[in-house]
Amino acid sequence: LLLCGCDYRVGVDGPVKIGLNEVAIALTLPRWALLIASERLSKRHLQVSVANARLVDGSGAVNAGFLDEVISPEDVLSRAIEVAQGFGENLDPQAYAATVRALRGSVLAQMDEAVAADRAAAGL
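Under our numbering, think of the first position of the sequence shown as 1, with each following residue one higher.
Be aware that a few hints might be false.
[Stated by the list, open to error] With beta-carbon atoms standing in for the labels, derived distance ranges:
| # | residue 1 | residue 2 | range |
| --- | --- | --- | --- |
| 1 | L2 | A109 | 29 to 37 Å |
| 2 | R119 | G5 | 13 to 21 Å |
| 3 | K43 | L2 | 20 to 28 Å |
| 4 | V23 | G123 | 22 to 30 Å |
| 5 | E82 | S42 | 19 to 27 Å |
| 6 | T28 | E113 | 31 to 39 Å |
| 7 | E22 | D112 | 18 to 26 Å |
| 8 | N21 | E74 | 24 to 32 Å |
| 9 | L55 | R104 | 19 to 27 Å |
| 10 | Y8 | K43 | 36 to 44 Å |
Treat the hints as calculated values from the structure; they're not laboratory data. Glycine is no exception: its CB is placed at the ideal position from the N, C-alpha and C atoms.
Throw the hints in and build the complete structure from the sequences for me.
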């Protein structure tokens, strides 16, 4: 789920396992988690990724929407740093933040509501 919340996701191209395995280990994803998964995962992969707990390798994670790109294990850290530096050097922070809020604001509000409902249902 952490991957679904990141702005840009760089991963390893190789024999890794990425996915949402909660159903396979007898856990039900809360509504807020389903919302963020629905926002980031491709429509074609959403059902099998969430309900069927399908795990994928690095390139499969790009296709499913868990990652934005994959690179060799020895280059992944330097690529992630390069992407982060590019954000800082090439993007106006206020415009970036406002644009991301506009893109994801409604889903974030829905997630807040879902968390509040879950807490209320649990008596918290």
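For each hint, the structure was consulted:
1. L2 - A109: 29 to 37 Å: Violated, at about 20 Å.
2. R119 - G5: 13 to 21 Å: Since the Cβ atoms of R119 and G5 sit about 19 Å apart, the hinted range of 13 to 21 Å holds.
3. K43 - L2: 20 to 28 Å: Hint holds: Cβ distance 21 Å, inside 20 to 28 Å.
4. V23 - G123: 22 to 30 Å: Taking Cβ atoms as reference, V23 and G123 lie about 25 Å apart, which means the hint holds.
5. E82 - S42: 19 to 27 Å: holds (25 Å)
6. T28 - E113: 31 to 39 Å: violated (18 Å)
7. E22 - D112: 18 to 26 Å: holds (21 Å)
8. N21 - E74: 24 to 32 Å: holds (27 Å)
9. L55 - R104: 19 to 27 Å: Between L55 and R104, where Cβ atoms are some 26 Å apart, the hint holds.
10. Y8 - K43: 36 to 44 Å: violated (21 Å)
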